[in-house]
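Assemble the complex: chain A is given as a structure, and chains B, C and D must be docked to it using the hints.
Spelled out from the first residue to the last, the chains are:
Protein chains: 4
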Amino acid sequence: MIIVTRSGISDDQLGDLVAHIERAGLRAHVSRGEQRTIVGCIGDERAIAEAGLSALPGVERTMPVMKPYKLASREFAVSHTQIRLDDADETVIGGQEIVVIGGPCSVEGREMLHETAHAVKAAGARMLRGGAFKPRSSPYAFQGLGEPALKLLAEVRAETGLPIVTEALDPRHVEMVAQYADVLQIGARNMQNYALLSEVGRTQRPVLLKRGLSGTITELLMSAEYIMAQGNSNVILCERGIRTYETATRNTLDIAAIPVLKGETHLPVFVDPSHAGGRASLVAPLAMAAIAAGADGLIIEVHPSPANARSDGDQSLEPSAFAALMKQAALFAHAAGRTIHAGATRHTVQV
Amino acid sequence: MIIVTRSGISDDQLGDLVAHIERAGLRAHVSRGEQRTIVGCIGDERAIAEAGLSALPGVERTMPVMKPYKLASREFAVSHTQIRLDDADETVIGGQEIVVIGGPCSVEGREMLHETAHAVKAAGARMLRGGAFKPRSSPYAFQGLGEPALKLLAEVRAETGLPIVTEALDPRHVEMVAQYADVLQIGARNMQNYALLSEVGRTQRPVLLKRGLSGTITELLMSAEYIMAQGNSNVILCERGIRTYETATRNTLDIAAIPVLKGETHLPVFVDPSHAGGRASLVAPLAMAAIAAGADGLIIEVHPSPANARSDGDQSLEPSAFAALMKQAALFAHAAGRTIHAGATRHTVQV
Amino acid sequence: MIIVTRSGISDDQLGDLVAHIERAGLRAHVSRGEQRTIVGCIGDERAIAEAGLSALPGVERTMPVMKPYKLASREFAVSHTQIRLDDADETVIGGQEIVVIGGPCSVEGREMLHETAHAVKAAGARMLRGGAFKPRSSPYAFQGLGEPALKLLAEVRAETGLPIVTEALDPRHVEMVAQYADVLQIGARNMQNYALLSEVGRTQRPVLLKRGLSGTITELLMSAEYIMAQGNSNVILCERGIRTYETATRNTLDIAAIPVLKGETHLPVFVDPSHAGGRASLVAPLAMAAIAAGADGLIIEVHPSPANARSDGDQSLEPSAFAALMKQAALFAHAAGRTIHAGATRHTVQV
Amino acid sequence: MIIVTRSGISDDQLGDLVAHIERAGLRAHVSRGEQRTIVGCIGDERAIAEAGLSALPGVERTMPVMKPYKLASREFAVSHTQIRLDDADETVIGGQEIVVIGGPCSVEGREMLHETAHAVKAAGARMLRGGAFKPRSSPYAFQGLGEPALKLLAEVRAETGLPIVTEALDPRHVEMVAQYADVLQIGARNMQNYALLSEVGRTQRPVLLKRGLSGTITELLMSAEYIMAQGNSNVILCERGIRTYETATRNTLDIAAIPVLKGETHLPVFVDPSHAGGRASLVAPLAMAAIAAGADGLIIEVHPSPANARSDGDQSLEPSAFAALMKQAALFAHAAGRTIHAGATRHTVQV
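Residue numbers (my numbering), protein chains in the order written: chain A, 1 to 351; chain B, 1 to 351; chain C, 1 to 351; chain D, 1 to 351.
Looking at chain A on its own, in the form it has when it is part of the complex (with noise of 0.2 Å):
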């Protein structure tokens, strides 16, 4: 930590500064300069707490040196994570191929997410989403179909092979929702509830962690660490778009932070393009850039008729887009020196 004193800051000022630093252990540094005199904290930054010494008298600034996420920082682990999903480890998250995950936002039944399933796999999907428990903003929205929607996506992993993706909104939901779901999605409204954080910090399954609306990346990486530090070290990742002035899209996708968290960590980045954009017709465009900047993997919302979704309908595509999407992301991820899998169908890049 260091302390920028205000100018003209008294020498007892200084003292109670000194002896405020001392008493939690730090040894303080005094560094009188021609403008300001500057103080710094040498010992554990955290065993100070900066807001403590921005109400010393003297006080003008302060900034820490150290970074407050310790597990999540990419100085704490000597590569970057990998995480397995399945024995044959035909799905590895945060390696070499870029993984696609497709499906519904709602499970509204058995038909839908049948016929969804079948058709990400074909694109090459090599995981399926689909909302059990949906946060929506208003209480008279659907609310999801709750566990009948788990039991259904377990029926389709079985059929498919593919592993699920599933969101947890409640604490008290997490033991059951990891009892069919392959990875835990932490939702942007619930990047900063602590209870659930720490309830799938518990568990042993992967937990893909969307950004929050206005979370900020070192939040993004503290809300890992919570994850982290209970335990659970298999965390994902993901920018889905964040809020600001611009109303054109849904949200305003932040590009840049694929390549400053992969600095700045070691868990991989994905990219949600279907709620940064907000429409279907963004969704391509959105997926490639988030290949090119670097991105591990993608989740997409796919509907076999988006007009007819009872959520999220703008920004669903039909099968046939997410096909083509697909086709296209082979082609970028080959740009990137990557890999992505081709489905059923080969994807043919021609070059």
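Honestly, the hints are just simulated from the structure, not real lab data. Beta carbons: idealized from backbone N, C-alpha and C, even for Gly.
Example chain D residues on the side facing chain A (calculated, C-beta under 10 Å, incomplete): (1) Thr249; (2) Asn251; (3) Pro259.
Okay, now just chains B, C and D, sitting in the frame of chain A:
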């Protein structure tokens, strides 16, 4: 719902759109203009998913006509909601009196709580705040003392007569927290934690609902609607600053939210100037502005020794500063045609 | 300037960093901590480009120690700046009296200007606003009447004695506008139009400088510094709402900017509640909040018939609403320990 | 224009609204629904001030039906605009080839400009950028060399054949800058400097128009419209990052703006990854993302010695890094079905 179609929508596309509307049980009113064809939906527009409409080929934009909230809407209630916290009607929220809540960010121990409670009461606070469960962005930061803190709050209430406001973070704790608290606080990070909102909705305790860091005014009202839809209509809304690009303050107090909310809803509107500004020196000017803009109450952090606070030290007031704020607040409440409680020492309004 | 180096910076990299600092004529103070090595620059840090430092290999972050503004800084001036607009000292900006400016968004003709000027004067306004050159986001919208509008403003000033505030958009017009205007307004879109700032800095007319839609408080002060660096120190800062994600209001009034600016600078601080809220019904509550937060003045749009205004009709007050606002403002000014001019009809402050 | 009236609008208020619309020469279409009465304006809605309508008593909300831009609109032009910079058609903007502009932030002298120009040309850049007039937030920072820098640019163009892009800041300089420049740049801070836009609109030089820090996509197109309305339709739009709450990057690159703009307008769309990220390490990933999202070109800052640059050193690439970026860009351009110029050394696309 009004639907603006694309220029050049085909007759078939228009027919599909009308059929889609009619399948939802609404009637469609087609109006052909020179530039665009507009379609209005007649009937309860909540029957139709706006997102689904946008997925239809000829649709350019949709605009809802009705507000998405009902119970929270000003049209729903004849008069402004008043919330009574005690049989003696000493503390009435949403009435003529501006109600001030004071107390520490976290309950750190008996002595500091005792000292703070007596000080804020003497200065005129009508209620005591104090966190037992703290949502912290770092898993390594102080998370609150938990239930022992609730017991301390109850002890101090018994001594001072001050009703207690404290935060619930986890749906599994709501029942327990409600046994101690007079008002349940939902923090900014949990504004869209629907499991928690539903749970506090099932108690009969008044709820102080804070606006999320990037919550819109409409979303805040929708979150109130979640609580009210469960049968608990005692909701107090609280503006506490939103996240913007400006870094000179912790958050940006959206002062206009007060008159906007007073126009949209019958619920009382509070302001938290401590979190909004994030610095002790800004608390008083923001509190005065809130009163001038029509707030029904304030919630303010007070700590006997801010530099040693375990959380939010930079924005906590010392008891003497809080007492001075209360004196100034009395002058502004008077200018606003309202009253404020004077505490042990009568505030003399000199005019 | 304080420089936090990367963990693992090599001795060579550190040597290069020190050499780089010394080449700029500063001394480097190296402080090796347990976690990081910190380097402080001793001397006038403006001699060194912060951006250049960040480009050096071993540098992680830099933090300036000095404020980037000098003339605008509170440390620079002994007392708060007061600006006198007439020999009789009737209108003093930055003094005890809160100065209110009223008038139409645009000067649309003689009659409406005449009517508005007399009405705002009767209600207590000290100055008249009115646009001759209007920055409009559409090239097809009304752009103002130009110089004829300036002549009308001068005529009405002769009649009413009210000093005139009007906007300059183009550096080529500044001299001409300054012949008519008592105060030159720089609009929000031009806060960083440096050619224009320099030009108004070369006149001796006071300048009302509006904060840009996404201007930070620091940038606003730097723009004031541009004007002052040319020799014109009569700058009035004006908060008028910033752009955020919230769409319920036209902009988000950053009410905290008032006390923050009062702490940072000796310049007077005004507020424009009309543009901030964007709706007539919000003007009065935002104006009262501004007074309560410490504003030195207000600038308010008034139009005899808002529905027929050629610009900003939705946020313009009718003269009667402006008169009511002034009465209410007198009460809040009193609570703030300040005065407000009562106009033709004395405001009776009943307490 | 569609007008949603308040519930409980009186017949008189509705009559006034209809009369107001008819006075503007439009017809009103009144549609009484169960919840609200809706009024549509039939005719050219630009004849009616939206702000004036909102000022009428019974009006709740208004929604324009038409886009506010005409010349810039995709509907206006049959095909995408292509801009030719030389008779040999070597550099065509908006065509199949992705055009890359490279060069220093500021022209600091002959030698550095010469060195950079040759390096970027060798790597495949089609144009040279370099600032002669620099908009700096501090009046004390380096403001550019002015006309001597323009002469140096012209010299280097003569040597290398690279067309020149340089910024005009002041309407009084436009004519002079246009004598040297092949493309006039309008910087982000001047996106709504209408005097400047009109002035460059009166030249026949192509204009590279950067999006403002908080400019919406619609406002960017309206600013293009200002230029085009003066007769200059050679406008290149440039996304360069917007201001958001995230501080990990200098700005937030709005990658979705590319496909949104490609849908809305026929004008070419460029991206400036240097200003968007603000750090050299982010330039390449953002550039690749821009290509993948459909950008027609890139503008990138290159400096022979970033640590010694007089501006923007932190985000400038060294020539070798720029050459590496160009090689990678060729792979992504290929994936996007486009080409990129290979420079002196042919980029070998290995597939």
